[in-house]
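Chemist: What follows is the residue order along each chain.
2 protein chains.
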Amino acid sequence: MMDEGQAVAAFAALGQAHRLRIVRRLVTAGPEGLAAGLLAEAVGVSATNLSFHLKELSRAGLVTAQREGRSIRYRAAYPDLSALIQFLMRDCCQGRPEVCAPAVAALATCCPEPA
Amino acid sequence: MMDEGQAVAAFAALGQAHRLRIVRRLVTAGPEGLAAGLLAEAVGVSATNLSFHLKELSRAGLVTAQREGRSIRYRAAYPDLSALIQFLMRDCCQGRPEVCAPAVAALATCCPEPA
DNA sequence: TCTACGTTTCAATGATGTTTGAAATATTGA
DNA sequence: TCAATATTTCAAACATCATTGAAACGTAGA
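Protein sequences, first through last, are from chains B and D. So the first sequence is numbered by the working numbering: it starts at 1 and just counts up by one. So the second sequence is numbered by the working numbering: it starts at 1001 and just counts up by one.
Bear in mind the hints are in silico, worked out from the structure with no lab data behind them. In this text the structure is predicted, and so the values were computed from the model without any measurement. It cannot be assumed that every hint is accurate.
Okay, the calculated bits of chain D under chain B, using three or more residues with CB under 8 Å as the criterion [claimed, not checked]:
id, region
1, 1005-1011
2, 1039-1049
3, 1082-1092
Note that beta-carbon positions come from the ideal geometry of N, C-alpha and C, so glycine has one too.
Sequences and hints are given; from them, build the entire structure.
Modeler: If you want it as structure tokens, here you go:
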């Protein structure tokens, strides 16, 4: 369960255009992730700058890294992204369940029914 | 539907400890909101500093303000918070529906079944 | 071992964000 | 109109963040 401090770190990490694009790209890449070089090209940022942002995202727990030959493969940290959504929903629903309805509706359109 | 730019602004706004506490407090306060003075006390921040953060949150569309006598009442902008959750979920589920399962489970524990 | 490749680290620079206290503004009630 | 209350604006100081290019590092193949 994500605490307030972790949530602040995660939000701050996502509150930067390049970084948000990076995690979006990694999420769409799926569990296979993407090598840093390809990511840099996809996001349109220098290798140096990408490295800076990836370190930032990594500190926030939003991405993971794994060396693979001479490249380094990055992946979205799905559990932590999930935890962040839950944090937002916990807050958002607190005492006001109806607030979540739109989110629930969105879920229905993007996901299959949960078990 | 929230776009990437709005999402960056919202995340950046929430990625600051004082501001996150402010919106959490406003969310728990419900639709009635809270006067600035009470908020300042609740969050433990000077009036001046609170004003700065509220302006920031307001720019990001996360809170609304309404004068009421000599106080100003602030409220959480539920629709925008909801839209932010949806943005995260759209990304998160993209091509990987199973990622949302924990979020769905969380929904079940905090919200009634949607219509 | 040498060279090329992919990535990170470092140091410098400029840009933004946060906090503070004093002063200004708006509202109310005497 | 005056004084009190609630909040914001302003300017200054400080801290943090983003970007850049050069250099360093680790890995792979000739």
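Chemist: Evaluate each hint against the coordinates.
Modeler: Structure-based check of all given hints:
Counting residues of the region 1005-1011 of chain D whose C-beta sits closer than 8 Å to any C-beta of chain B gives 6, which meets the bar of three, so the coverage hint holds. Only residues whose C-beta sits within less than 8 Å of a C-beta in chain B count toward coverage, and the region 1039-1049 of chain D has 0 of them, not enough to reach three; the restraint is violated. Only residues whose C-beta sits within less than 8 Å of a C-beta in chain B count toward coverage, and the region 1082-1092 of chain D has 10 of them, enough to reach three; the restraint holds.
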